[in-house]
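S.K.: In case you want the letters, here they are:
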Amino acid sequence: MSDKYLSIENVYKSFSRGKEATEVLQNISLGVARGEFISLIGHSGCGKSTLLNVVAGLTPATSGCVFLENREVNQPGPDRAVVFQNHSLLPWLTVYQNVKLAVDKVFRRTKNAAERHEWTVHNLELVHMEHALQKRPAEISGGMKQRVGIARAIAMSPKVLLLDEPFGALDALTRAHLQDQVMQIHATLGNTVLMITHDVEEAVLLSDRIVMMTNGPSAQIGSILDVPLARPRVRLDLLADPAYISSRAAVLEFLHRRTRFVEAAA
Amino acid sequence: MSIVAPTIASSKPASVASQAHASFPNAAPANDPIAPGRWEWLTVRLLETAKGVVPPVITLAILLGIWQLATSSPGSSLPSPTTVIDQTWDLIVNPFYDNGGLDKGLFWHLLASLKRVALGYALAAGVGVAVGVLVGHSVWAMRALDPLFQVLRTIPPLAWLPLSLAAFRDGHPSAIFVIFITAIWPVIINTAVGIRNIPEDYRNVARVLNFRGFEYFGHIMLPAAAPYIFTGMRIGIGLSWLAIVAAEMLIGGVGIGFFIWDSWNSSRISEIILALFYVGIIGFCLDRFIAVLGKLVTRGTANG
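Sequence order for the protein chains is A and B. Numbering that gives the first Met the number 0 puts the first residue of the first sequence at 0, with every later residue one more than the last. Numbering that gives the first Met the number 0 puts the first residue of the second sequence at 0, with every later residue one more than the last.
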């Protein structure tokens with residue numbers, strides 16, 4: 000138990016295929032304060048997504064626990080909304096219906112029909128998608144789909160928002176635009192966020208703390224970096240900020256030192 | 000500009016033409032700017048329609064010509080197209096007559112067959128989707144039932160008829176059972192495949208939202224598997240129509256199958272040909288009907 004809002008305690012995860020077991024995560028412990036924005040960064044294949052799925056409850060941990068507000072979580076639920084890497088919108092529903100589906104499920108008892116409608120539209124307005132309510136996912140761009148995915152997640156009013164490389168598949172300009180929107184939403188709603196990324200600038204720009212993971216198999220938390228940047232953060236102002244530059248350098252150094260280490264060991 | 004615009008948005012010719020006019024004021028002709036666009040659109044549409052209609056019409060004309068030539072000799076065993084029309088003219092122009100008993104117009108025969116197919120097929124679609132969902136969802140149901148289905152589905156439709164006659168002791172329910180047992184296999188198998196192929200992403204969305212039971216079934220399973228289900232239903236309707244004609248030949252009563260058999264027994268070959276023509280057209284319409292229904296229901300599902 001811990002006094003942290005979200006607490007990951009001694010999580011191990013191994014996947015077994017027949018007799019062979021591959022350990023993916025080794026002894027991961029992490030406490031996250033309420034309203035904190037945490038990034039998980041590491042080379043691909045290091046188990047970031049597995050850790051996120053354990054927190055989401057989509058993958059059970061082999062041992063160890065995840066606590067949210069001091070209650071153990073071991074199955075998925077809307078209190079830990081996930082924004083999936085590939086948006087995962089349901090293609091047979093419109094933008095509005097995709098968000099409404101989640102709103103109807105989560106607020107079935109606490110909001111009436113008119114309130115649920117307003118809440119759906121409100122959340123789509125937060126990501127500036129109110130112009131495409133009746134469009135289907137196939138009719139909008141990749142960036143817009145991801146925005147709807149974010150709207151669906153925040154519309155669940157989750158305790159923790161889990162972002163699985165949400166901007167990985169987008170071009171640089173769209174990504175920057177969405178990062179700004181996520182910052183804005185985080186500033187407005189004060190969500191607790193756990194985000195996976197492999198983009199160093201993105202991690203530094205958005206996070207309060209950056210969790211750097213060692214290479215798998217048996218990935219561990221290598222180091223945790225505090226990002227001492229005041230909010231609200233403005234992308235262009237940060238470029239020359241010494242704290243931004245040193246944070247960025249620290250992450251880059253960690254990633255590249257580890258890579259060399261692995262190459263030397265191999 | 001004026002050539003490209005109508006083809007891009009052929010459904011709104013006038014607005015495209017006027018938009019072109021608005022954005023390129025200098026490019027518009029001196030006289031009425033809208034009329035030429037409309038004429039071009041009409042020409043384009045006519046050409047498009049002609050591309051689809053002319054080739055099959057030509058094929059049909061050639062085939063009819065060959066048929067006419069092959070059967071024009073006096074001793075020919077089959078009637079020529081002109082003889083068919085000549086001999087069946089009464090049936091063609093009077094599809095609705097009803098002299099009681101089995102002496103009815105073709106409309107009533109076809110209607111009777113369609114009713115049987117509708118009933119048997121509706122049962123097959125309902126039960127087929129339900130069983131398909133079970134088999135697709137549960138590994139154990141699949142292991143237990145799939146081998147059985149793989150054997151049963153190879154049994155020809157008519158082989159079921161004597162057994163169902165023995166069981167129901169009546170032609171009518173037996174025919175419906177034959178339709179049912181014919182149409183159900185593709186529905187079951189395709190539904191099961193569709194359910195098994197629901198993308199992991201949709202499952203994860205459902206898990207995060209805690210969808211269980213009927214919620215999961217209605218919100219995720221059915222829409223995600225709908226394209227597969229409709230593929231199965233389309234195969235099923237085709238098989239039903241194949242089976243009904245054969246089954247009715249054996250059970251008798253009002254129905255297009257019995258009409259064909261009765262015509263054969265009375266050596267009215269022209270009537271058989273006319274009936275075949277109707278059977279083909281209706282089979283085609285049934286297939287299109289399910290295809291269009293599937294397109295309407297699954298719009299958006301196929302492209303993610």
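Because the hints were derived from the structure by calculation, they are not lab data. It is possible that part of the hints are untrue.
To be verified - Have a look at the derived ranges for each label pair, beta carbon to beta carbon:
no.: 1; chain 1: B; residue 1: Leu292; chain 2: A; residue 2: Ser222; range: 37 to 45 Å
no.: 2; chain 1: B; residue 1: Ser137; chain 2: A; residue 2: Leu238; range: 51 to 59 Å
no.: 3; chain 1: A; residue 1: Ala137; chain 2: B; residue 2: Glu199; range: 54 to 62 Å
What the hints assert, rightly or not - Taking lysine to aspartate or glutamate pairs in the DMTMM-like style, the calculated list, with each CA pair at most 25 Å apart, reads:
no.: 4; chain 1: B; residue 1: Lys294; chain 2: A; residue 2: Glu138
no.: 5; chain 1: A; residue 1: Lys158; chain 2: B; residue 2: Glu214
no.: 6; chain 1: A; residue 1: Lys158; chain 2: A; residue 2: Asp170
no.: 7; chain 1: A; residue 1: Lys104; chain 2: B; residue 2: Glu214
no.: 8; chain 1: A; residue 1: Lys158; chain 2: B; residue 2: Asp200
no.: 9; chain 1: A; residue 1: Lys158; chain 2: A; residue 2: Asp240
For every residue, glycine included, the Cβ atom is placed at its ideal position computed from N, Cα and C.
S.K.: Are there hints from earlier that the structure breaks, and if so, what are their numbers?
M.R.: Failing hints, ascending: 1, 3, 6 and 9.
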